[in-house]
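As they're listed, the protein sequences go chains A and B.
For what it's worth, the numbering used here labels the leading residue of the first sequence as 5, then goes sequentially.
For what it's worth, the numbering used here labels the leading residue of the second sequence as 919, then goes sequentially.
Take the hints with a grain of salt, since some may be wrong.
Unchecked claim - A few chain A residues facing chain B, derived, Cβ under 10 Å:
hint : residue
1    : A357
2    : V358
3    : R363
4    : D364
5    : A368
6    : T372
7    : E375
8    : P383
9    : G402
No lab work stands behind these hints, which were simulated from the structure alone.
All values derive from a computational prediction rather than experimental measurement.
Think of the CB as a built atom: it goes at the ideal place given N, C-alpha and C, for glycine as much as any other residue.
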Amino acid sequence: MIWFLIPVVAVLALAAYAVGLAVAKRRFAGAKPHSRPQQHGYYALIWVAVPALAIIILAGIFSGPVSQNLVSAGLPEAVQEMEPFRRDAFLNDARLLGEGQRPFQTWDAPFDTLLQSEAARSASIQRTLLWGSIAGALIAAVLGGLLAFAQIGPNMRARNRVETWIGALLFACSVVAILTTVGIVFSLLFDALRFFERVPVTEFLFGTQWSPQTAIRADQVGSTGAFGAVPLFAGTFLIMLIAMAVAAPVGLFSAIYLSEYAGPVTRGVVKPLLEVLAGVPTVVYGFFAALTVGPAFREFFNGFGALLVGGPLDGLGQYLMLVQNQMALVAGAVMGIMLIPFVSSLSDDIINAVPQSLRDGSYAMGATKSETVSRVLLPAALPGIAGALLLAVSRAIGETMIVTMAAGLAANLTFNPLDTVTTVTVQIVTLLTGDQEFDSAKTLAAFGLGLTLFLVTLLLNIVAQRIVQTYREQYD
Amino acid sequence: MKLPFFRSPDGREGGTTAEPTADANRRDETVLPQGEAASEESFTPTVTAPKAPVGPTKIAARDISVFYGEKQALHGISLDIPDKTVTAFIGPSGCGKSTFLRCINRMNDTIQGAKVTGQILMDGQDVNARSVDPVLLRAQVGMVFQKPNPFPKTIYENVAYGPRIHGLTNSKAEMDGIVEASLKRAGLWDEVADRLHTAGTGLSGGQQQRLVIARAIAVNPEVILMDEPCSALDPIATAKIEELIDELRERYCIVIVTHSMAQAARVSQRTAFFHLGRLVEHGDTEEIFTNPRERRTLDYITGRFG
Chain A
5 MIWFLIPVVA VLALAAYAVG LAVAKRRFAG AKPHSRPQQH GYYALIWVAV
55 PALAIIILAG IFSGPVSQNL VSAGLPEAVQ EMEPFRRDAF LNDARLLGEG
105 QRPFQTWDAP FDTLLQSEAA RSASIQRTLL WGSIAGALIA AVLGGLLAFA
155 QIGPNMRARN RVETWIGALL FACSVVAILT TVGIVFSLLF DALRFFERVP
205 VTEFLFGTQW SPQTAIRADQ VGSTGAFGAV PLFAGTFLIM LIAMAVAAPV
255 GLFSAIYLSE YAGPVTRGVV KPLLEVLAGV PTVVYGFFAA LTVGPAFREF
305 FNGFGALLVG GPLDGLGQYL MLVQNQMALV AGAVMGIMLI PFVSSLSDDI
355 INAVPQSLRD GSYAMGATKS ETVSRVLLPA ALPGIAGALL LAVSRAIGET
405 MIVTMAAGLA ANLTFNPLDT VTTVTVQIVT LLTGDQEFDS AKTLAAFGLG
455 LTLFLVTLLL NIVAQRIVQT YREQYD
Chain B
919 MKLPFFRSPD GREGGTTAEP TADANRRDET VLPQGEAASE ESFTPTVTAP
969 KAPVGPTKIA ARDISVFYGE KQALHGISLD IPDKTVTAFI GPSGCGKSTF
1019 LRCINRMNDT IQGAKVTGQI LMDGQDVNAR SVDPVLLRAQ VGMVFQKPNP
1069 FPKTIYENVA YGPRIHGLTN SKAEMDGIVE ASLKRAGLWD EVADRLHTAG
1119 TGLSGGQQQR LVIARAIAVN PEVILMDEPC SALDPIATAK IEELIDELRE
1169 RYCIVIVTHS MAQAARVSQR TAFFHLGRLV EHGDTEEIFT NPRERRTLDY
1219 ITGRFG
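So here's chain A without its partners, still in its complex pose (with noise of 0.2 Å):
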């Protein structure tokens, strides 16, 4: 691999910026020069450094596919003439052998002897191509450092230059992160839309019935599958409703308490054992939720219920009776204590940024604490809580773990926080845990539940940022 190459490069750049200070030094003597010498030191560095690593990455993501090209572009006719899918088993395990490793079968007459001569190509392709990128990066390395030598002098702008690249990278960073999610989207995209292919969209989005097994084999027994997400986007919302109802309150009252009410002995105590919830990792949540609050949950449920049946509410009770250690108030009411941290230590911050001279001014006006909180501080915050309470929707959208264990798999479509429910994300981990084949539509459903909670997400980001606008403009 072509990777190694980035400490040699390092090393180099860090030469050429040694090397640059000393020519800047030696050329400036009695000039007053336009740039510091060090500033020199570091345009050298730039210009030995970004050719090449940008030769190498470019190697390193690219030389895979060209070899492969160019290995199966030259295949000879018998090989060529193969079924696709042997013809790539055939390509992979002369790869294998080219590069050393076991082929994974054996091959017949006149494979086997196929087999050795196009490992033998393949190998060849792939150490001139390696040794191609080499030489490249280390011409590049020597040119760039030898162009950016000749023009050290007193009156290069070197500052100005450097500053110019450090802009470039710090774009290039931002970029990544920007090109990652455009990545994520159209590898979604590319699975969900085989999906759709083989599920109508509008039985995905508006059926009621979600039961994605499906008949693996022919003559196997089994439903067709039915693929309406309804259920799942309602389990959600039903989790995502009683999470934030326990969180957004509790979050944002202690958030006000610590920064408003709490003395600094109580405040040193109790944000950091709140932040320490935060560090709980979900799936401890989780077992939680499945193997304390659920079985309390379902006595107390059960109790009241016994106390009631024989009475004028006897169906209830009946029902009361019945109820699981898995429902949705469990799941929900567990990942609303997962986000009081997380509420109330966002809230915590933005209440404090609210500037003192507000406060102040409410104060002089003879208002108490709790009127200077209710009038003042939370509408002049209100921006960043909304933001946070949003952020934490998300979270509790996005969560997977507690519900998995705690509410249950069964695609209900209910309301009733007593009911078992199931989530998308629940779903997207069951369908692709476990022996998969990739072209059914049972597997393939992930991705539509991907893209449409992505989707999903998106569109509650837009409208809180459109939120958040609106008051900013207001407020500032």
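Use these hints to put chain B onto chain A, whose structure you have.
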């Protein structure tokens, strides 16, 4: 004895005799409660009688010391502040003038570790007494800060803030009247009448500061404290505020902290000079600026230090 800090929630009780003022036509006579007249209780001012026509003593500080934790910020300040007068506090940064100002409406209560000893008598009542509720005290003693701090609300809601929290009105019409009268008295009405329901933070710095003054006078206070109200403003806005201060003097006891000698000379009738947490000298502004008794005062006002 009548406790001035415990008036009924609508703030209408107490003296309603308003002395005629020059700008009577600018006022809303029917809606806005008139400024309470000075309390009948007599108590003798201890400061030498000033030459300028100033009102009776409104606030009498007796041996005030303030500690922030271990650090003593004020050392035994005794000072009488007359009513219907502008009193300026001058002195170099950190000399304690703002600290003293904040004692008058007990804003030091909101600072952790601050301790105040001594007495501040307002109309003869100790503001630090246990029976005095700072919330009601602050309704009587308005405050304007260095940086304009309008709340993130509309202009209307900013002015209505005090009357709302103190329950001064019973109807929307009454509230409209208070808002209009306060904005008129703060000289802002003409500039904002057509946009009362836009954000107060959208005004210019000078307008914001007048909005804050309107907010302070909307609860009909007796005293207005101003902590360097013009230090963040340009000269034109400053001139407007100073003009306003001069008008407000007819109704209120005004105390202003300022770093500008010229401003103190322009707006105040009385001046107190603070240095290193002590009150060095106080008296008529004219006297302080033309014929100070203390060497340090002379040095400060002539710009030799500070």
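Hint-by-hint comparison with the structure:
With its C-beta approaching chain B no nearer than about 13 Å, A357 (chain A) sits outside the 10 Å limit, and its interface hint is violated. Given hint, V358 (chain A) at the interface with chain B, holds; its Cβ is 9 Å from that chain's nearest Cβ, closer than 10 Å. Against a cut-off of 10 Å between C-beta atoms, the interface hint on R363 (chain A) holds, since the closest Cβ of chain B lies about 7 Å away. Proximity of D364 (chain A) to chain B holds as hinted, the smallest CB-CB distance being about 6 Å (cut-off 10 Å).
Taking 10 Å as the C-beta cut-off, the interface hint given for A368 (chain A) holds, the closest approach to chain B being about 4 Å. Hint status for T372 (chain A): holds, given a least beta-carbon distance of 6 Å to chain B, under 10 Å. With its C-beta approaching chain B no nearer than about 5 Å, E375 (chain A) sits inside the 10 Å limit, and its interface hint holds. Nearest Cβ of chain B to the Cβ of P383 (chain A): about 6 Å, under the 10 Å cut. The hint holds.
A distance limit of 10 Å between C-beta atoms decides the matter here; for G402 (chain A) the minimum to chain B is near 32 Å, and the interface restraint is violated.
Going down the numbered hints, you'll see the structure goes against 1, 9, while the others check out.
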